[in-house]
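Student: One letter stands for each residue in the lines below.
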Amino acid sequence: MNLALRDIRHKLGRFLLTCAGLALLLGVALAMVGIYRGVVEEALALSRALRAELWVVEGGTRGPFAEASRIPGDTREAVARLAGVREAGSVTFQTVEARVAGTAAASAAGAFRDETGRERIGASLRLQLVGFELDRPGGPPATVAGRPPGGARREMVLDRSARLPVGAVVEIAGLRFTVVGLTARTVSSGGDPLAWIALRDAQEIQFRLNPPAARRAQAAGGAAPSQDTVNAVIARLDPAADAARLAEELRRWKHLAALTAAEQEEVLTRSVVERARRQLGLFTVVLLLVSGVIVALIVYMLTMDKLREIATLKLIGAPDRTIVALVMQQALLMGAASFALATALVLSGKDAFPRRVALGPEEVAGVGLVVFAICLLASLLGVRAALRIDPAKALGG
Amino acid sequence: MSAPLVELAGIAKGFGQGEARVQALTDIHLSVSGGEVVGLRGPSGSGKSTLLNVIACILEPDAGVMRLAGETVWEGGWRIKDLRALRRTRIGFIFQFHNLLPFLDATDNVALAMTLAGTPLAEARRRARALLDHLDVGRRAHAMPAKLSGGEAQRVAIARALANRPAIILADEPTAALDSERARVVMALLRQVAREQGVAVLVVTHDEKIFDRFDRMVSLRDGRIEADQRTCAPA
Ligand SMILES: Nc1ncnc2c1ncn2[C@@H]1O[C@H](COP(=O)(O)OP(=O)(O)OP(=O)(O)O)[C@@H](O)[C@H]1O
Ligand SMILES: [Mg+2]
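Line by line, the protein sequences give chains A and B. Following my numbering, the numbering of the first sequence begins with 1 at its first residue and continues without gaps. Following my numbering, the numbering of the second sequence begins with 1 at its first residue and continues without gaps.
Hints were generated in silico from the structure; no laboratory data involved. Here the structure is a predicted model, which means the values were calculated and not measured. Be aware that a few hints might be false.
[Said to hold, decoys possible] Far from chain A by the CB rule (all over 10 Å, computed), these chain B residues: (1) Ala9; (2) Asn53; (3) Ala69; (4) Arg88; (5) Asn99; (6) Asp108; (7) Ala111; (8) Thr115; (9) Ala117; (10) Ala130; (11) Asp133; (12) Asp179; (13) Val185; (14) Glu196; (15) Lys209; (16) Asp215.
[To be verified] Using 25 Å as the maximum straight-line C-alpha spacing, the simulated DSS-like pairs for lysine-lysine come out as follows: (17) A:Lys11 x B:Lys147; (18) A:Lys254 x A:Lys11; (19) B:Lys81 x A:Lys393; (20) A:Lys254 x B:Lys147.
Cβ atoms here follow ideal geometry from the backbone N, Cα and C, with glycine treated the same way.
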């Protein structure tokens, strides 16, 4: 006869209500874990989308994601000639404020809504621009709508999180781009949608957005205001090539530095999103601690509620293990029911979050394990209270 | 009468230290035989509950000898390791308020006591039903305790106390919550099971309306036995 289950069934309404409350709390904790994983994944999304094996950047820097990196446009040819390099491509990175201008067809009419029905004409939009060279490393991954870039100027392949359709027209620094294709899960470490445009277009935008003062200084100084600079060269290697050795070799070149893909990911997670990651991690831990305290209190209260019953059980000779089982099983059942509910809630609602909530079976199982441990630990308080109950309490009078 | 099942000799129990010391029981000599129903009365604070708790092995006496069901249980210290097992198999309890587990129906409340002593659940349920029938609450076998009347609940509690065929039944004010008619019925039942099963029954009571229902009445005052009289209980 399972006393824990029978007691729960006897007060099912109260048990379910308690579970619902706890599920909300655990749901928040689970969502935090998802957001934490999401931030890390988004941070890596850009470098993974480009599938670079080697990053060649400005000497003394750790690449365009950590700080400003500018290298001459002809670096690519030099890198491509290195033994072991299969192909190389110049890329630029730039965060810009874009304006939705309409669609190619309806721009004159001006009537334009996105798929959510919201009027988008004139709306502004933060984009992470990637300037790349057609058919060289640096282009977008497979498109999920529209077509891949064709190499024409003023075309854009955009991440679908921008919520713009194929055919939309976007204005950046006075230049108008037409969206020809959409990609998925390609965002910057800040969560901004990636937008791929031709390298020449990107350089033109960089020049136009240069502060006027800087442009005047360049003009006055007479130093050739070369427009042909890029932020990095990315390379894919021959299967037999050693990325670390190549990076070492490139570092000996003046004005250049190099990072392997692993080093780049390290930079992205360790420095670019480190604070956000730590903040979220800390918050997750705090939430789990709070959940633990609350579970402990609930179990303690459930136990105190059964003071008389437990005293009676002891008096009629129930061994301690019967009483410990009663308290612990209830705590674990409550944890399991709440966690199942929390998982269902978060998984069904995760797309409503503005940033990615990355919850795979691994994360869910991990949090589940933590919740299990918390319930086990938290029930110790209840167990201790139950074992201290004096059987004489049952006699009363 | 058969051999005594409860035997206390020189039992003493005090609480607290120094100035605050309360001598709750002093030099208690008491013996209850199988089939006997003994009442225990006395003014508030006279030590009735303390005595019952000592016999229930939930309070340790300070001095004396206590033998239960022929076994020496306390003599200068507990002589038995698993006191709960002793309670489970040798002692049945009946309380002022029935103290049935609210989440089990009548049958399972009785069956639980048996399963705790190792009886398989199916057999425990069958025997519980038989006991409830015997105590005339068979109709309410599947009622939850909250749905039972006071008299019915007390019968279920008696069935539970009898579940493991104990040698001793300890009852603390079992009729206090019942009217005189139902109190008499409960007492008649206790007498009946005492006779049938040769159980020693010790009942703490304030309830004058049942004073004539005992074989003997023990009176406590200030922790001492003041009187131990045979009453002229009806046969
Ligand atoms: N746990 C305890 N700690 C200290 N003193 C106690 C304790 N239990 C009982 N006493 C004292 O022992 C004495 C006997 O108490 P007991 O509860 O046995 O009386 P009682 O006859 O059952 O009274 P009542 O009819 O009011 O239930 C009282 O003076 C009481 O204050
Ligand atoms: Mg008392």
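Student: Taking C-beta pairs only, is alanine 111 of chain B more than 10 Å away from all of chain A?
Tutor: The assertion about alanine 111 of chain B is violated, with a minimum of 7 Å to chain A.
Student: Run the C-beta distances from glutamate 196 of chain B to all of chain A and say if the shortest one exceeds 10 Å.
Tutor: holds (21 Å)
Student: Grab the minimum beta-carbon distance between arginine 88 of chain B and chain A and tell me whether it stays above 10 Å.
Tutor: violated (3 Å)
Student: Far enough from chain A: is every CB of that chain over 10 Å from the CB of alanine 69 of chain B?
Tutor: Holds, since 14 Å exceeds 10 Å.
Student: Given the hint that lysine 254 of chain A pairs with lysine 11 of chain A, does the C-alpha gap stay at or below 25 Å?
Tutor: violated (76 Å)
Student: The output says alanine 9 of chain B does not contact chain A. Does that hold with a beta carbon cutoff of 10 Å?
Tutor: holds (23 Å)
Student: So is alanine 130 of chain B really clear of chain A, every C-beta pair being over 10 Å apart?
Tutor: At roughly 18 Å from the nearest Cβ of chain A, alanine 130 of chain B sits farther out than 10 Å, so the non-interface label holds.
Student: If I take the minimum Cβ distance from valine 185 of chain B to any residue of chain A, is it greater than 10 Å?
Tutor: holds (21 Å)
Student: Tell me if the straight-line CA distance from lysine 81 of chain B to lysine 393 of chain A falls inside 25 Å.
Tutor: holds (22 Å)
Student: Would threonine 115 of chain B pass as off the interface with chain A, using Cβ distances and a cut of 10 Å?
Tutor: violated (6 Å)
Student: For aspartate 133 of chain B, is the shortest CB-to-CB distance to chain A above 10 Å, so the non-interface label stands?
Tutor: Consistent with the label, aspartate 133 of chain B stays out of reach of chain A, its closest Cβ about 21 Å off (over 10 Å).
Student: Checking a non-interface call: every C-beta of chain A should be farther than 10 Å from the C-beta of alanine 117 of chain B. Is that right?
Tutor: Check fails; 7 Å does not lie beyond 10 Å.
Checked against the numbered hints given earlier, this structure breaks hints 2, 4, 5, 6, 7, 8, 9, 18 and 20; the rest are met.
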